[in-house]
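Engineer: The primary structure of each chain is shown beneath.
2 protein chains.
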Amino acid sequence: MTRKRFDDLGCSVACALNEVGDWWSLLVIKQAMLGTRRFVDFQNGLGIAKNILCDRLSRLVDNGVMTRVNVGEHGTRYEYRLTDKGRDLFTVVVALRQWSERWNGNKDDMQLVDRSSGEPLAQVVVQNADGEVLTVRDVLFVDENGQPLEQAG
Amino acid sequence: MTRKRFDDLGCSVACALNEVGDWWSLLVIKQAMLGTRRFVDFQNGLGIAKNILCDRLSRLVDNGVMTRVNVGEHGTRYEYRLTDKGRDLFTVVVALRQWSERWNGNKDDMQLVDRSSGEPLAQVVVQNADGEVLTVRDVLFVDENGQPLEQAG
DNA sequence: GGAAAAGGTTGCATTAAGAAACCAAATCAA
DNA sequence: TTGATTTGGTTTCTTAATGCAACCTTTTCC
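Quick note, the sequences are listed as chains A and B, same order. The first sequence maps to residues 1 to 153 in full-length UniProt numbering. The second sequence maps to residues 1 to 153 in full-length UniProt numbering.
Don't take every hint at face value.
[Unchecked claim] In the SDA-like style, the derived pairs of lysine to any residue whose C-alpha atoms are separated by at most 25 angstroms in a straight line are: (1) B/Lys50 with A/Arg5; (2) A/Lys107 with B/Val125; (3) A/Lys4 with B/Leu26; (4) A/Lys107 with B/Lys50; (5) B/Lys107 with A/Gly35; (6) B/Lys4 with A/Gly35.
[Unchecked claim] Looking from chain A toward chain B, a few residues come up when the C-beta cut is under 7 angstroms (computed): (7) Cys11; (8) Ser12; (9) Cys15; (10) Leu27; (11) Val92; (12) Ser100; (13) Gln111; (14) Val113; (15) Val139; (16) Val142; (17) Asp143.
[Said to hold, decoys possible] Here are a few chain A residues that face chain B, going by a calculated C-beta distance under 10 angstroms: (18) Leu9; (19) Leu26; (20) Phe39; (21) Asn70; (22) Arg87; (23) Trp103; (24) Ser116; (25) Val126.
Just so you know, the hints here were simulated from the structure itself, not pulled from any lab data. Glycine residues also receive a C-beta, built at the ideal position from the N, C-alpha and C atoms.
Let the sequences and hints guide you as you build the complete structure.
Structural biologist: Here it is in structure tokens:
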């Protein structure tokens, strides 16, 4: 019984989860955003088993989220760096962080601030084209013909 | 060897992933945002095994993301509805959707539009207090003493 | 040159996931 | 009212994933 694939589910969210939806991937990405580049530093920073880390890093590389760069003089010192695609997950990571802080309190040792001002960030929100904040009740899911689907709260 | 717990990792992202970080939870939540409330409808809509759906729903209920409401006359007709905490994951779901669409193309049968205007939504972004858009390079991770940590891209 | 570090791989035990069968209560059709 | 079907599960079995520890090779440090 191989694990269910999500990329043929006709859903972009499922497709995203297929790439970064397991327990560790987003934490590896968050660690990379924090500055970590070396295998051992990921291992120590996350407390992840080496074989799992191997698997996650190579999967992230395969999916174009990270790259493996050879930085050794003679061959076997590597760095794992975020690609543009990986860095673009910043929104997701921050949204998850803020959600957790709103509902579970701040469990984090560290804080995220604007580099130039030192001030905390604004809350990540969903907006319409005019910049108005939208909740799930303010949107419609429409099919390819523009027909709206039922929606709930 | 029980799966690693993330809620004692000193990280809000890890704490969030501990609640909704497995393969199915966010899809169940997205399905609920789409209007699904009944057990069978989740099952048909997602193609998930019943025992896994049972487990995920009850875990989401335990974590306060959904509630189980008895809607039957005599006892065993249930609806699973999002709580405020669950609805608040809208930002995360939309951010994931949009990321996937930006990098993998739109794999989705349906589209998300502003209910009042019918227009597509704006891209979810991270902003500072002044409303300026920030990337991961524009932020600093600081510890509890305000000391900045190294950061990369 | 010897020791340690980096980046893995392998083997084993435990847990989770998926499919299918089964089941009891409630509802629906006749 | 009876019988079938739906709903919301639970159980069993097989396969896959996770975690830990040991090991291994190349490279760097002293």
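Engineer: Give a verdict on every hint.
Structural biologist: Comparing the hints with the structure gives:
no.	hint	in the structure
1	B/Lys50 with A/Arg5	17 angstroms, holds
2	A/Lys107 with B/Val125	23 angstroms, holds
3	A/Lys4 with B/Leu26	15 angstroms, holds
4	A/Lys107 with B/Lys50	33 angstroms, violated
5	B/Lys107 with A/Gly35	32 angstroms, violated
6	B/Lys4 with A/Gly35	23 angstroms, holds
7	Cys11	6 angstroms, holds
8	Ser12	4 angstroms, holds
9	Cys15	5 angstroms, holds
10	Leu27	6 angstroms, holds
11	Val92	5 angstroms, holds
12	Ser100	4 angstroms, holds
13	Gln111	5 angstroms, holds
14	Val113	5 angstroms, holds
15	Val139	6 angstroms, holds
16	Val142	5 angstroms, holds
17	Asp143	5 angstroms, holds
18	Leu9	7 angstroms, holds
19	Leu26	6 angstroms, holds
20	Phe39	15 angstroms, violated
21	Asn70	17 angstroms, violated
22	Arg87	5 angstroms, holds
23	Trp103	5 angstroms, holds
24	Ser116	7 angstroms, holds
25	Val126	5 angstroms, holds
Violated hints for the displayed structure, listed by number in ascending order: 4, 5, 20 and 21.
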